[in-house]
Amino acid sequence: MARAKEANAWKLPFAIPTYQDKQHWHERQAKNSGHIWLRNVIAGLYRDSRRDH
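Numbering (my numbering), first residue to last: 1 to 53.
Worth flagging that the hints you see were computed from the coordinates, not collected in a lab.
Certain hints may be false.
Derived Cβ-Cβ restraints for the label pairs, each shown as a range [to be verified]:
hint: 1; residue 1: His26; residue 2: Arg47; range: 23 to 33 Å
hint: 2; residue 1: Ala43; residue 2: Lys11; range: 23 to 33 Å
hint: 3; residue 1: Arg47; residue 2: Lys11; range: 34 to 44 Å
hint: 4; residue 1: Arg47; residue 2: Ala15; range: 30 to 40 Å
hint: 5; residue 1: Leu45; residue 2: Phe14; range: 19 to 29 Å
Every residue, glycine too, gets a C-beta built ideally from N, C-alpha and C.
Put together the whole structure using the sequences plus the hints.
Quick look at the structure:
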């Protein structure tokens with residue numbers, strides 16, 4: 001959004017702690033193609049956001 005000039009972004013003047021995000025799903029959904037697609041989309045968004053920093 002900041003690159004599209006729809007919002008401003010500034011670096012914080014202090015450090016924030018890091019944390020690890022995880023995806024969890026029920027075992028019976030592990031092979032569901034819709035769930036696999038959604039998990040991959042979400043994981044890709046996180047990968048892309050980490051590359052921007």
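So, going through the hints one by one against the coordinates:
1. His26 x Arg47: 23 to 33 Å: 24 Å Cβ-Cβ, so the 23 to 33 Å window holds.
2. Ala43 x Lys11: 23 to 33 Å: Since the Cβ atoms of Ala43 and Lys11 sit about 26 Å apart, the hinted range of 23 to 33 Å holds.
3. Arg47 x Lys11: 34 to 44 Å: 21 Å, violated
4. Arg47 x Ala15: 30 to 40 Å: 23 Å, violated
5. Leu45 x Phe14: 19 to 29 Å: 26 Å, holds
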